[in-house]
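Letter by letter, the chains look like this.
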Amino acid sequence: MKIIPKILIAVVLNFCILGTIICSLGYSLLHNPDNCVELISSQSLDEKAHKSIEDYFNEQYNTTAVPAKIYTDIITVDWVRKEMENNIKHTYSNLGNKDAEYKPDYTGLEESISAFFSDYAKSINYNPDEAYEKKLNETIEKAESSINSKLDVFKFETMRKAGILNKIDKIIPLLNAGRIISGIASVILIIVLILGKKNVWGRIYWTGCSFFSVGLILMIPGIFLIATDYFSAFTIKDSAIYSAFTGIMNNTTNTILYSGIVCAAIGIIAIVSGFFKKKN
Amino acid sequence: MKENKRDKTENESNEIIAVKTPSVIVKIALPVFIFLLCAGIVILCSMRPYEKLQTYLNIAFMGNVSVSDSDGFEIKQNEIDTNYTGKTSDTGEAVMPVFGEQYAILSCDKIDLYVPVYWGTNTELLEHGACQSTSSSLAGAENNSVISAHVNTFFSDIKNLEVGDSLTLYTTYGKFTYAVSELIEFENNNKQYVIPTEDERLTLYTCEMQVFGSSNKRVGVVCHPTEKQFYEN
Numbered sequence: 001m002k003i004i005p006k007i008l009i010a011v012v013l014n015f016c017i018l019g020t021i022i023c024s025l026g027y028s029l030l031h032n033p034d035n036c037v038e039l040i041s042s043q044s045l046d047e048k049a050h051k052s053i054e055d056y057f058n059e060q061y062n063t064t065a066v067p068a069k070i071y072t073d074i075i076t077v078d079w080v081r082k083e084m085e086n087n088i089k090h091t092y093s094n095l096g097n098k099d100a101e102y103k104p105d106y107t108g109l110e111e112s113i114s115a116f117f118s119d120y121a122k123s124i125n126y127n128p129d130e131a132y133e134k135k136l137n138e139t140i141e142k143a144e145s146s147i148n149s150k151l152d153v154f155k156f157e158t159m160r161k162a163g164i165l166n167k168i169d170k171i172i173p174l175l176n177a178g179r180i181i182s183g184i185a186s187v188i189l190i191i192v193l194i195l196g197k198k199n200v201w202g203r204i205y206w207t208g209c210s211f212f213s214v215g216l217i218l219m220i221p222g223i224f225l226i227a228t229d230y231f232s233a234f235t236i237k238d239s240a241i242y243s244a245f246t247g248i249m250n251n252t253t254n255t256i257l258y259s260g261i262v263c264a265a266i267g268i269i270a271i272v273s274g275f276f277k278k279k280n
Numbered sequence: 001m002k003e004n005k006r007d008k009t010e011n012e013s014n015e016i017i018a019v020k021t022p023s024v025i026v027k028i029a030l031p032v033f034i035f036l037l038c039a040g041i042v043i044l045c046s047m048r049p050y051e052k053l054q055t056y057l058n059i060a061f062m063g064n065v066s067v068s069d070s071d072g073f074e075i076k077q078n079e080i081d082t083n084y085t086g087k088t089s090d091t092g093e094a095v096m097p098v099f100g101e102q103y104a105i106l107s108c109d110k111i112d113l114y115v116p117v118y119w120g121t122n123t124e125l126l127e128h129g130a131c132q133s134t135s136s137s138l139a140g141a142e143n144n145s146v147i148s149a150h151v152n153t154f155f156s157d158i159k160n161l162e163v164g165d166s167l168t169l170y171t172t173y174g175k176f177t178y179a180v181s182e183l184i185e186f187e188n189n190n191k192q193y194v195i196p197t198e199d200e201r202l203t204l205y206t207c208e209m210q211v212f213g214s215s216n217k218r219v220g221v222v223c224h225p226t227e228k229q230f231y232e233n
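Chains as they are written, first to last, in our numbering: chain A, 1 to 280; chain B, 1 to 233.
These aren't lab readings, by the way, just hints derived from the structure by calculation. Just to be clear, a hint being listed does not mean it is correct.
Heads up, incomplete: computed chain B residues facing chain A, CB under 8 Å, no partners named [what the hints assert, rightly or not]:
1. V24
2. P31
3. I34
4. I80
5. N83
6. T85
Calculated cross-link-like contacts (lysine-lysine; reagent style DSSO-like; alpha-carbon spacing at most 27 Å) [said to hold, decoys possible]:
7. A/K69 with A/K135
8. B/K27 with A/K161
9. B/K76 with A/K237
10. B/K27 with A/K6
11. B/K27 with A/K142
12. A/K98 with A/K135
By construction, the Cβ of each residue, glycine as well, lies at the ideal position given by its N, Cα and C atoms.
From just these sequences and the hints, can you work out the full model?
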């Protein structure tokens with residue numbers, strides 16, 4: 001085989017290998033909720049969100065006169081962790097459903113607020129009336145709305161409203177098909193290159209060129225993002241959301257970098273083998 | 001004779017091998033060449049998806065990302081309530097934002113549009129969302145509210161709107177629903193659709209999509225209000 005067709009096959013193989021890696025990574029990230037669930041503990045998202053909720057209700061006490069402990073006795077760290085996990089799993093199972101908003105279990109919170117209002121009304125001999133019911137419902141709604149926004153550290157609700165989750169739902173099957181097709185094409189092209197006519201380049205030299213190229217394409221951006229701590233520069237106000245965002249981005253970058261290192265190593269070994277080709 | 005013939009063939013093939021064996025430099029340069037070629041193609045193909053990804057990240061995390069001062073003004077993101085359940089009224093007062101402040105969210109279910117709207121138009125603000133011209137009127141006020149955005153990011157699907165489609169503008173002071181009444185196309189030096197009008201309307205526009213460079217043509221929609229809900233505090 002002449003050199004030009006070999007170069008062309010190596011370039012095509014490069015994109016097949018790259019496609020396999022990128023599609024596999026994308027499919028794993030968008031299809032598997034465990035990536036996000038794992039971040040809850042590794043980034044302490046539950047504790048950060050709970051702190052944010054606690055601080056919020058402490059601030060609200062000055063305007064509502066409802067003590068923060070009425071809320072935080074129910075909204076514990078364990079409760080936050082459980083609802084975060086449920087939210088993630090629910091979202092991943094309903095990506096294409098625009099109306100499938102996750103609703104946490106607020107039964108305990110509603111009872112706590114109702115009990116506080118009832119006790120307070122009794123203490124001042126106030127008979128519950130329409131105004132009382134309206135104020136109670138407003139307090140419960142506002143509390144639930146605030147807690148919802150602090151629980152949703154991955155901003156699934158905003159993404160759902162913007163149609164982003166719907167788009168992700170459509171991409172997932174394409175990523176799955178992409179990784180399978182690219183993988184098969186890669187294997188076929190590697191076999192073509194290896195089983196091709198014996199030549200002065202060595203059997204695996206061109207395969208090595210492709211892997212080396214893929215390795216550098218993945219490694220260089222990964223090294224840049226990690227060396228510059230790129231994602232930490234985003235100033236996100238809420239610490240739990242900041243941790244969720246940087247956690248996902250850093251994990252993804254690390255995976256891309258490690259894939260790049262492995263490919264580059266395979267490539268270098270295969271290329272070097274071409275220098276030691278034995279003559280018949 | 002047979003031996004002579006074999007020797008001759010061996011000598012010829014040795015010569016051929018000697019001519020065709022690539023040098024070490026070539027063996028090292030080729031992988032680098034392949035890398036540069038493939039990297040160039042990857043960069044070219046990644047530009048549009050990268051812009052889209054930035055757009056989606058801006059939309060997903062809007063209201064949470066604080067942006068520092070730039071060119072003497074601050075880009076301020078606000079938490080816009082899109083689930084307001086309190087009392088509303090047909091009439092009320094619009095609240096004037098400052099330049100660079102996010103004062104609304106523009107939403108349309110038909111084209112999965114959900115973008116922040118900033119008061120004022122410049123290069124930096126257009127990177128963060130849609131921008132409303134400060135010479136146009138605020139939502140809910142009489143006159144023409146003019147909002148623009150980049151075609152390759154926030155307004156990429158605006159060409160898919162049809163007459164009758166519904167859009168909603170959630171602002172800091174109210175919720176305003178509009179229906180598309182006209183699809184428009186105009187040259188960038190034609191101010192016909194961006195000047196004040198006697199009737200209350202919402203005009204959305206963007207550049208016409210082109211493969212290379214930007215177009216002089218603008219495309220968009222004119223919408224008329226169907227419902228006004230000013231928040232009562």
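To see whether the hints hold, each was checked on the structure:
| no. | hint | verdict |
| --- | --- | --- |
| 1 | V24 | 7 Å, holds |
| 2 | P31 | 4 Å, holds |
| 3 | I34 | 5 Å, holds |
| 4 | I80 | 11 Å, violated |
| 5 | N83 | 7 Å, holds |
| 6 | T85 | 7 Å, holds |
| 7 | A/K69 with A/K135 | 19 Å, holds |
| 8 | B/K27 with A/K161 | 53 Å, violated |
| 9 | B/K76 with A/K237 | 12 Å, holds |
| 10 | B/K27 with A/K6 | 13 Å, holds |
| 11 | B/K27 with A/K142 | 68 Å, violated |
| 12 | A/K98 with A/K135 | 31 Å, violated |
Hint violations for this structure: numbers 4, 8, 11 and 12, all remaining hints satisfied.
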